[in-house]
Structure formats: structure tokens, C-alpha cells
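Peer 1: Protein chains in written order, with this note's numbering: chain G, 1 to 331; chain C, 1 to 167.
Honestly, the hints are just simulated from the structure, not real lab data. Small disclaimer: the values here were computed from a predicted structure and weren't measured. Worth double-checking, as some hints may not be accurate.
Label pairs and their in silico Cβ distance ranges [said to hold, decoys possible]:
hint, chain 1, residue 1, chain 2, residue 2, range
1, C, Ser138, G, Glu89, 42 to 50 Å
2, C, Arg20, G, Asp27, 34 to 42 Å
3, G, Asp196, C, Glu66, 39 to 47 Å
4, C, Arg20, G, Asp151, 21 to 29 Å
5, C, Glu66, G, Glu230, 30 to 38 Å
In silico contact screen, one side only, chain G against chain C (beta carbon under 7 Å); selected entries [to be verified]:
hint, residue
6, Glu135
7, Pro249
8, Ser268
9, Phe270
10, Pro273
Cβ coordinates follow ideal geometry from the N, Cα and C atoms, glycine included.
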Amino acid sequence: MKKYSVFLGLFLLLPAYSQAEITPQADSLNWLRKISAASHQLNYSGVFVYQNSGRIETSRITHMADESGEHEKLETLDGSLREVIRNNEQVYCYIPEKNTVVIERRRSIKPFPALFPRQMSDLTDNYAIRKGGTERVAGFDSQVLILEPKDGYRYTRTLWADASTGLLLKTNVRNEKNEIVHQFAFTQLVIGGKIDKQIFDAQRLPKAKTVDASVPEDKDVAGQGQYGWEFTRIPPGFRKIRELMRPMPGRKQPVLHIVFSDGLAAVSVFIEPQGKAPVEEGLVPEGSMNVYTRVASGHKITVLGEVPAVTVTQIANSVVFHGRGSHGGKD
Amino acid sequence: MTAEISSLMDGEAENEHAVRILGSRGGQDDWTEVWDAYHLIGDCLRQTDPLSPGFSSRFSARLAEEPTILAPQRRKLPSVDHPLVALSAAASVAIITFTGWTAYQYADLQATPAPQLAVAAQPVKMAAASGKQSAGFSHYLLAHHETSPVTGMEGVTPYIRTVADNQ
Numbered sequence: 001m002k003k004y005s006v007f008l009g010l011f012l013l014l015p016a017y018s019q020a021e022i023t024p025q026a027d028s029l030n031w032l033r034k035i036s037a038a039s040h041q042l043n044y045s046g047v048f049v050y051q052n053s054g055r056i057e058t059s060r061i062t063h064m065a066d067e068s069g070e071h072e073k074l075e076t077l078d079g080s081l082r083e084v085i086r087n088n089e090q091v092y093c094y095i096p097e098k099n100t101v102v103i104e105r106r107r108s109i110k111p112f113p114a115l116f117p118r119q120m121s122d123l124t125d126n127y128a129i130r131k132g133g134t135e136r137v138a139g140f141d142s143q144v145l146i147l148e149p150k151d152g153y154r155y156t157r158t159l160w161a162d163a164s165t166g167l168l169l170k171t172n173v174r175n176e177k178n179e180i181v182h183q184f185a186f187t188q189l190v191i192g193g194k195i196d197k198q199i200f201d202a203q204r205l206p207k208a209k210t211v212d213a214s215v216p217e218d219k220d221v222a223g224q225g226q227y228g229w230e231f232t233r234i235p236p237g238f239r240k241i242r243e244l245m246r247p248m249p250g251r252k253q254p255v256l257h258i259v260f261s262d263g264l265a266a267v268s269v270f271i272e273p274q275g276k277a278p279v280e281e282g283l284v285p286e287g288s289m290n291v292y293t294r295v296a297s298g299h300k301i302t303v304l305g306e307v308p309a310v311t312v313t314q315i316a317n318s319v320v321f322h323g324r325g326s327h328g329g330k331d
Numbered sequence: 001m002t003a004e005i006s007s008l009m010d011g012e013a014e015n016e017h018a019v020r021i022l023g024s025r026g027g028q029d030d031w032t033e034v035w036d037a038y039h040l041i042g043d044c045l046r047q048t049d050p051l052s053p054g055f056s057s058r059f060s061a062r063l064a065e066e067p068t069i070l071a072p073q074r075r076k077l078p079s080v081d082h083p084l085v086a087l088s089a090a091a092s093v094a095i096i097t098f099t100g101w102t103a104y105q106y107a108d109l110q111a112t113p114a115p116q117l118a119v120a121a122q123p124v125k126m127a128a129a130s131g132k133q134s135a136g137f138s139h140y141l142l143a144h145h146e147t148s149p150v151t152g153m154e155g156v157t158p159y160i161r162t163v164a165d166n167q
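Please construct the entire structure, taking both the sequences and the accompanying hints into account.
Peer 2: Laid out in C-alpha cells, this is it:
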């Protein structure tokens, strides 16, 4: 009857088993920092699948970091070919079927943008972050991290990071019904190794007409409704991170674009004069996004983001115009 | 406790006794740990391939995470208004091998995906979505992706989204 007891002592020497898996928040946050840095600082090349609602796309990515910064090349493998080359903030998107290269300077892409402390505190305010188990993704052992929302204004995110380098191997976003709204996963990947720098040379793209699609600089990011628009009931945890007037195809006038973020999820608000065309007000799910449209003070307000319907609805319904901004009122 | 486990494992415990032990102890963590340990030891002795350490706790955790699907509902395929564009062979393979479970809910890869109308118990007014309106959002979506914060935790998705939306 006691024949197993002899082995019990032996067994207790196995630390991985006998210790309960205690994961202090600091450990999880360190993982997030590691993940955040890895995708910018490592050399890697591989094939990944991106799935957004019903749509699935496969692409190849090559990434290199050296003394001159970050270089990245992305090619779509299904559907029509798109080729994106990025050298730090400078982005070239080659569209063969239109014989066009779209050039863009992306303000939002900073070289090596580690997570800032403020972003970190936003994250921990809005999400409960915990470590999951280890799983195999694309042939790599990965550490699972789960970011669960602390309220109903955002979605759950799960990250799978390479156990040794921290490179993000897979990620998904699940909605309040636990359905995956989007996911990204490497299916084949090589980390490290030598990469030919020539492939990031935009001059080597075929000759094509170029279009500059750079977005104008924000005047004042933290500005308090410089254009006369205010939000009375922003969902907890969301902060305005951008406010800019931007040209929009098919519009004569620029459109006011305001972005709110909780550190992970982003919600965009577009405000433009109503015009003559009728506006269909209400909520429309658009892929993984929720889009809410309404009319206020003679303007069409469009709010969208990869967030629950309640978040876009509340933001849209809290818009008020007061004041005489350069883009407001019924003048 | 160890005696109980031992007797259970050896099949020495009478049925009623076993039920009583399991009923009183079954949910206790330390009890489960010892139970697992004994089984692991047993497996080693019998030279059967043991499960990896912590298998049962991970299994339980993952089982708890699995959504409970009571009545899997087949998503309606796009109606005649949204004819399916034939998928390329490569794309089809990718869909099947990578995410078999989504195979039934794909939209066509080339055209703008049909907006999903079925959102259960939505407390807000739903706009009458049409293909035309959906196309009208694309500029907004593009602008949104361009301006969203890049933390590195989104991986490379900011670009691929932009590329995808450009189509």
C-alpha cells in the first residue's frame, strides 16, 4: 500500500511541479516590455497569417535593426501583390496593379518605441495582466500573456511571445462573447541571422508613379478641443492622444480626426460638415471594428475602433460642439 | 491522505469508500497534487510516457478558457448580393491548414467583406448596413490604422491592415 511513498520525497525535489505557479504583476510587465522591444530590435524573417473577422491574409515579413535604425519589408502572399518597405518612419507601399508607389512619413512609428511608463500605467489601470502557460507556436516555445479588460469598454488580448527573445509570435483579440475578432500568427519564422540590406532599398522598386500620402503634423496633441469639439463622457481609461485635420479622399474639406487610446485599443473620431448626402445614423460592425455614426451640430460624427459597441456609442453620443474652432458650427 | 490515494490507485478501496474519498477530497489542491504525483510515479515505474509536469492544471486552465459552445450556429454565407469570389488555391490551403475552424466564415478575399449584421442583443440602434456604406468606411479605417498607437504588441499588424485596406 505504501509502495509509492518512497518516491514522494524524490518527487518533491522537482521544483517546477511542487511550486504553485505564482506570477507577480512585475513579471508580466517585464514580459510586455520585452515583447514591445523585441519586434523592433531583432532581425527576423518569416511568414505570418493575419485574420480579421472573415478575412484571412498571408504575408512575408523581413525585419532588420542596425545602427541606422529599423528596416522592414512586407509582401502579401495572397490576393493582389502589395509590397511595403519601411526605413524607420519612411514607408513605401508598392501597388503593382496601379503602378503606384505610395510614400508616407509615419509619425506614429518611432524607432525602437519601448513602452513608456505612462503607457504601462494605462495598461495596468485598464487591463488585468497575467501570465499563462507555455505553448508552441511556429516551432518556437512561447510564453502566453493574457490582458483581460477590467471593464466592458475593451476587449481581451492574448499574446504568445518567443520564450527566449520575446518576439511576438501570435496574438489575438477576443470580444465580450469570447469570439476572436482578429488574430495574427507566424507560421514560419527565423529569428536572427544575416539579412541582405539591399532588399530594403526603395530605389530598387520598379519605376512607378509616386503619391505622397503623409499625414500632416498634429498642431497640439493634448490640446483641449482646439477645433471647438468636446467630449463629455469619455469611457474610463481612454485618453485623447491625437487631434489633427487631415485630407480625406472624396472630400473637399479636410476632416477632423481625433484619436483616443487606453494604452492598447484605439478609437478614432472623424468630424466633418454634414453635406447634402443623407447620413445613415447608427451602429455598424465593420470587420473587427464597431462603427457608430450620428449627426451633431450640422456635422457628421463617425466613431470607430476595435472596441465593444458601447465604447464607440458612448464616445459618439458625448460629442458636443461649443466654441468657434476652425472647423465647427453651421457657418 | 496518502493512504487513501494509494488505496484508490491500487483499486483496494471499495466502491462506496472510493466515492466517499473522492467526494470529500477531490476538489482540494494538495490532494490533487499528490494524486498527480502518485500517477506520475506510477507511470515512471511502468515505463509509460508520463504527461509533462503540471499537465492536469494546464489542462484544467485551458478547459476553463474554452468557450462553451452549446449550439454551434453556422454563419450564413453571403447571399446572392455578395457573390463569393473563388479563392485562390494558396489562400484556400492557408485557411484550411491554419484555421480550420474559420473555414466556414470566410468572406471573399478580394472584395470588401460583407458587414456582419448579426449582433445579438445590441442595445443601440443598428444602421441599415449596405455594401455601399461599407465601402464608404474604408478611408476612415485606413486613417484610423495609420494613427493608432504602435506599441509593438500589435506585431506587424498596423502595416498589414493598411495594406489590406488599400485593396
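Peer 1: Compare the structure with each hint and give your call.
Peer 2: Status of the hints after comparison with the structure:
1. Taking 42 to 50 Å as the suggested C-beta distance range, the pair serine 138(C) and glutamate 89(G) does not conform, at roughly 24 Å.
2. Here the CB-CB span from arginine 20(C) to aspartate 27(G) is close to 41 Å, well matched to the stated 34 to 42 Å.
3. In this structure the supplied range 39 to 47 Å holds for aspartate 196(G) paired with glutamate 66(C), their Cβ-Cβ distance being about 44 Å.
4. Distance hint check: the CB atoms of arginine 20(C) and aspartate 151(G) are about 44 Å apart, inconsistent with the given range 21 to 29 Å.
5. The given range of 30 to 38 Å is broken by glutamate 66(C) and glutamate 230(G), whose C-beta atoms sit roughly 44 Å from each other.
6. Contact between glutamate 135(G) and chain C, as hinted, is not supported at the beta carbon level, the nearest pair being about 9 Å apart and thus beyond 7 Å.
7. Nearest Cβ of chain C to the Cβ of proline 249(G): about 5 Å, under the 7 Å cut. The hint holds.
8. Against a cut-off of 7 Å between C-beta atoms, the interface hint on serine 268(G) holds, since the closest Cβ of chain C lies about 4 Å away.
9. A cut of 7 Å between beta carbons decides the hint on phenylalanine 270(G): the least distance to chain C is about 6 Å, and the hint holds.
10. The beta carbon of proline 273(G) comes no nearer than 16 Å to any beta carbon in chain C, farther than 7 Å, and the hint placing it at the interface is violated.
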